[in-house]
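Please build the complete structure, drawing on both the sequences and the hints.
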Amino acid sequence: MDNNFLADILYPNIKTLPADIEARYPARNLQEGAKVTRFAPSPTGFLHIGNLYGAFTDERLAHTSGGVFYLRIEDTDAKRTVPNGIAIIIETLGKLGVKFDEGAVIDGDNGAYGPYRQSERAEIYQTYAKQLIREGKAYPCFCTEEELASIREQQESQKLTPGYYGEFAVWRDASLEQIQAKLAENAPFVLRFRSEGSIANKMKFRDEIKGEIDVTENDVDHVILKSDGIPTYHFAHAVDDHLMGTTHVIRDESWLSTLPFHIQLFKALGFKMPKYCHTAQVLKLDNGNKRKISKRKDPEAALTYYHSQGYPVAAVREYLMTLLNSNFEEWRLANPDAAIEDFKFTTKKMSVSGSLFDLDKLNDVSKNVISRMTANEVYDLTLAWAKENDADFASVLESDKDYAIRILSIGRGGKKPRKDIALWSEVKGYMSFFYDALFNREDSIPDKFNKEDICAVLANFKDTYNANADQSEWFNNVKAIAESNGFCPDMKAYKANPELYKGSVADVSMFLRIAVTGRMNSPDLYEVMQILGAERVLGRVAEIIG
RNA sequence: GGCCCGUUAGUCAAGUGGCCAAGACGUCGCCCUCUCACGGCGAAGGCAGGGGUUCGACUCCCCUACGGGUCACCA
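Counting from 13, one number per residue, gives the positions in the first sequence under our numbering.
Since the hints were made in silico from the structure, they are not lab data.
Result set (SDA-like, lysine to any residue): computed pairs, CA atoms no more than 25 Å apart in a straight line:
hint, residue 1, residue 2
1, Lys504, Phe461
2, Lys214, Leu271
3, Lys514, Ser496
4, Lys356, Met333
5, Lys216, Glu265
6, Lys111, Ser320
7, Lys111, Ile221
8, Lys474, Ala492
9, Lys27, Arg206
10, Lys356, Gly366
11, Lys304, Ile225
12, Lys222, Ile211
13, Lys428, Arg384
14, Lys413, Gly425
15, Lys149, Leu281
16, Lys238, Val182
17, Lys427, Arg384
18, Lys307, Thr56
19, Lys287, Ser338
20, Lys463, Leu512
21, Lys514, Pro501
22, Lys399, Asn375
23, Lys474, Ile557
24, Lys427, Val325
25, Lys304, Val325
26, Lys222, Ser367
27, Lys491, Val553
28, Lys427, Ile417
29, Lys27, His246
30, Lys356, His75
Structure representation (C-alpha cells):
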C-alpha cells in the first residue's frame, strides 16, 4: 500500500504539512509552573452547574499560577450549535465572574492561538489526519450506518464487546483498489485511527485529581474525521490542546473511558500529553439514588435557575468553591472578608467522588454572603433582580431609594448581622409591610386574648407614642402600658406566676407588632416604627382599634 | 455484559497505620430574648460487608455488594 498516494487521493486539497502549522503556533512564553487551561463547550447556549464546576477549576488553576485561561468553541457537531450560543455562554459565565484571557469572543477571536472555533479549523485537522494516513496510522472506512448497525447487532448477539475493532474493522486492511473503487462511486467515508492497542495490555496513568488509575489499552479503530471532514471530539482535542499549548485539561470524569484512545492519539501524533484533571460529577438525589444531574430533567441544573431565583453570584461561587476544594470552608471561616482570589486553589483538595448538590447548604452560604453586604449593595442587587423578574417591586424600590436603604439597614453591619435573606426573590416579603402598596395583614392577634384588652393596650400606645423617644424610652413606655393594663412588664416575674396576669410584655409587643406590621414576626419593632414614621404607625394601630 | 471510577453520619467532608474518627449544612433540645433572625451551648447520627498484611487499620492488599460513568460519523 502506498500510503502517500492514499493520503493524496483521500484529501487532495490539503497541501499544508504539520510543520507549516506548527510554525504558526509557537510555544507560549510563560513563567515556570504557569498553567494553561481552557473551557471548551459546545455552543448550545446552555450551561449547567457541572459546566460551572469545571470552568471555575479551569479559571482558578490558570489564574493562581500566572497562566492563561481561554475559551474554545467545540462546534464540530451542527446539531449542538444554536444561534447566539457563544454569546450566551460568555455572558452567563461573565455574570458568574468567570472571565477569559484569550479565545473566542462574541464576534471573533482574541488571541494568537486561534482560530478558537473548531469549525474554522478544518484544514488544520485534515493536515494532521493526512499525515497519519501517510504514516499508516489512519485509514478510510466506507461502512454505512446500516452496516455498522449490523456489526453491532452481531456483536451483541454473540455477547462480544461492541465496536469497530479486530475482525470487525472491515476496512482496516482494505486494498488500494477497493478504496479507489469506492472513491470512484463518490461513496462517503470516515477516517479511522488504526489502533495498535490490545485490551490485554493494562497500564497505570496519573490523573491530577484521581491519582493513579488503571487503564486498559484501546483496541477500537475510532473515527477521527467524520465524512464531512470535520473531526470528532477526540481528534480535535489532541490537535487543539497541543497547538494551543494547553497544559492542564480539566474535564468531567466521564471522559476517563476514552482516555486510552487519547493517549494513543497524542503518541501517534508525536504530541506531548497535557496533564489531565478528571473532575467528579455533580449529582442529584433521585428516588433514593444519586445520579448525574441532568439538564433535561432537573431545572436546578441550569445556571439560569440560580439567576432567576435570585441567588447572588457571590453565593453560587462561594458554594461551588466549598465543593471544589474541601478546605475552602475552613479558610473562609478564618478569612471571612478575604477575596476568593486569595484562596490557594489546588487539585489536591478536589473530591474524587461525586457530590450531591445541596440547596440547604447553598441557602446558608447565601445568607452569610448577603449578611456581609452593605445595605446599598443589597439594594442594588435586589433592584437588578426585580427589574428582570418583578417590575412592580422594582418600581416600589425605586420610588424612594433612601427609604429602602433604611429598611435594608436593619440589623445589618456589626458582629452579628441578621441572616435572613438567601435570595433576592425573598426580599419583597421582608420589606412588604413597609410599603402601603404592598402591606397586607398576614397574621392576626390570637383569639385567646380579650378584644377589649387588646384595644385598651393599643389605645394606650396610640396616646403615648413618641416618635422621638430613644429605644429604651420607647420600651419603657411599652412596659408601662403593659403594667397599667394588667400585663406583666417583667418576663421573669411573669414566668414565675403567669396566672397573676392577663399576659406579659411579650404579648403587648405582639399586639403592637401585628397592628403595625401585620405579622407575628419582624425585626426590632422600635426600628421598624422609626422607619415607618409616626403617621403610618398610628394609622395602622387605629385600624385595629376600629 | 466489557472497561473504568467511586463508597466516612440525611448532605458536603477532614483523616493518609497508633489518643474516646475534625468541621460545616440540616434536624432536635437548652440558653439569650418583646417576636423573628443572629449568637452561645448541647444532642442524635458515620468508616458498605468479608477476608488478609500488621503489635495495631478509616487509612495498605484481595474478594463481594452497592452506586456512578462509558461503550456514536455527540461532545
